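Participant: Protein chains in written order, with our numbering: chain A, 1 to 237; chain B, 238 to 504.
I should point out that these hints are in silico values taken from the structure, not numbers from a laboratory.
Cross-link-like lysine to any residue pairs, in silico, SDA-like; alpha carbons within 20 Å at most: (1) B:Lys357 to A:Asn138; (2) B:Lys357 to A:Gly58; (3) B:Lys342 to B:Glu325; (4) B:Lys357 to A:His137; (5) B:Lys357 to A:Asn61; (6) B:Lys342 to B:Arg294; (7) B:Lys357 to A:Val139.
Computed far set for chain B versus chain A, every beta-carbon distance over 10 Å: (8) Asn277; (9) Leu289; (10) Val293; (11) Val299; (12) Gly309; (13) Glu350; (14) Pro353; (15) Arg356; (16) Val436; (17) Ile450.
Computed footprint of chain B on chain A; a stretch qualifies when at least three of its residues, placed anywhere within it, have a C-beta under 8 Å from a C-beta of chain B: (18) 46-58; (19) 71-78; (20) 163-176.
Bear in mind that the values here come from a model prediction, so they are computed numbers and not experimental data. Ideal Cβ positions, reconstructed from N, Cα and C, are used throughout, including at glycine.
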Amino acid sequence: MNKQNNIVGHTLIAIGMALVSVTLMAGCAQPRPDTQAERDFSRLSPEAYAEYLIFRSGSFNLAQETQEGGTAADRMAQDVLQRMCSEARNRPQPEMAVRIVGAARDSIVYPEGGIQLGDWRQGAELARSGTGFRIGHNVDDHSRPVGGNCYACHQLDPDELGFGNLGPSLAAYGALRGDSEAVRRFVYDMIYNPHSYFPCTQMPRFGVSQFLNQESISHIMAYLLDPQSPVNVRHSR
Amino acid sequence: MLKKFLAGVALAGGLVGGAMASDSPYLTGREQLLMLADDNPAELTLWRGEELFHEVRGPKNVSLERCDFGLGPGVLKGAYVRMPRWFEDAGKVMDLESRIIHCMKTLQGFTDEDDPVARKHSSDTREADLVAIYTYVASQSNGMKWNPPMNHPMERLTRNAGEVLFHRRAGSMDFACATCHSTPRKRIRLSFLPVASNVEEWSKAVSWPAYRIGHGVVRTSQHRVRGCYYQMRQAGIQFGSDASIAIISYWTHQAQGGVATLPDLKR
Chain A
1 MNKQNNIVGH TLIAIGMALV SVTLMAGCAQ PRPDTQAERD FSRLSPEAYA
51 EYLIFRSGSF NLAQETQEGG TAADRMAQDV LQRMCSEARN RPQPEMAVRI
101 VGAARDSIVY PEGGIQLGDW RQGAELARSG TGFRIGHNVD DHSRPVGGNC
151 YACHQLDPDE LGFGNLGPSL AAYGALRGDS EAVRRFVYDM IYNPHSYFPC
201 TQMPRFGVSQ FLNQESISHI MAYLLDPQSP VNVRHSR
Chain B
238 MLKKFLAGVA LAGGLVGGAM ASDSPYLTGR EQLLMLADDN PAELTLWRGE
288 ELFHEVRGPK NVSLERCDFG LGPGVLKGAY VRMPRWFEDA GKVMDLESRI
338 IHCMKTLQGF TDEDDPVARK HSSDTREADL VAIYTYVASQ SNGMKWNPPM
388 NHPMERLTRN AGEVLFHRRA GSMDFACATC HSTPRKRIRL SFLPVASNVE
438 EWSKAVSWPA YRIGHGVVRT SQHRVRGCYY QMRQAGIQFG SDASIAIISY
488 WTHQAQGGVA TLPDLKR
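The whole structure should be built from the sequences, with the hints applied where relevant.
Facilitator: Put into structure tokens, the structure is as follows:
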């Protein structure tokens, strides 16, 4: 019943948005008015006006090419997960949370030949680097490796003092948990699409977005799980 | 011991910035910055801005003294904490940076190509005139409470759309402004993050212009918005665009009732 109401509600919203789009497109066919006063925004909801601001007001450089081969407009378009989590302010109701987790699990692609650990030394560099996928006024050069910027939000090597705390500490991660198939799979899933365990988490979907490729994921996993990695080496049980 | 320490922080804060004692790591970190610096280097920018503001300039040979920042031509006291606002003459909601440019064009006759309008941000070698004038006008609201007007329908719609944008996740990393500014006491690396729901923190956080120690120059609201969209891996936002003003309108309204520190000193 609830679900049906939801579907009806979403359909109505979709129709509403379509009408708004048609109205705005009709407006665009005429000479473009210069000021807000000449346009009638009074009937727009904040959500519809926000979409107008992003896609039709000239506020963003939408035509700029991106490193992944599209345009900045593609970056601004929300996928289903981004839209649902934004609207729920990252606190999804249980039904939605279950749907998000299910879709996230389905999104995960595993490497052929199983999940292997790469080189923790390269993982250490990738965990520190915040380079990659920035556009706008200073476009990141992808001839340099794209980093995961893990330290922005997580503690890893206990000797590295410059760590953020938006995410939990991962110090001694492998030393505390071992390197079983189940641990490897959990870590891989968390990097690839963390919504498979934490619906509407703040953490990026590094695999889904192809922000990190399979090789980089394997290096970062080695940094977390290899007993020789500084993340684990100084931890005595 | 802890009480003594807190009292010390409160005393130092009171002496330097007039701030109250706080257990906010974002705010106490800032007090430490202020204790390190004898003075805020942004004052040099402020003085230059004052000269530029009163100087007869541009093709029309007039100063900016007749510019209306919302409280009437030439009224600077308290104008900035009442912005962004609707301007009937422009038919637009404008922030302070856009309004200064509007006056440079309409009163002084500068065009988009002229350096005082074209140069939006400072570099290590050249301070933008706009940043200097912005710093001077903003400083005339120092110590006052943020209180942007919400009377005109476009002021309200702009603020409300700004709230939507603030929470809107998109881009390669699924980030929104809210990703970094929702949970108290969090850091990116070593930088403590201000939270939009905490007026004490937020009123300080939105206090632009600020001399940014890491940049070595004074930065503005528009520069902060640009940096956030850049780090979020979303599209480049245009200076003074309606979307940028919507974000600034929302963030200023979130600071309502909190005290503005103008110019501020930031990491």
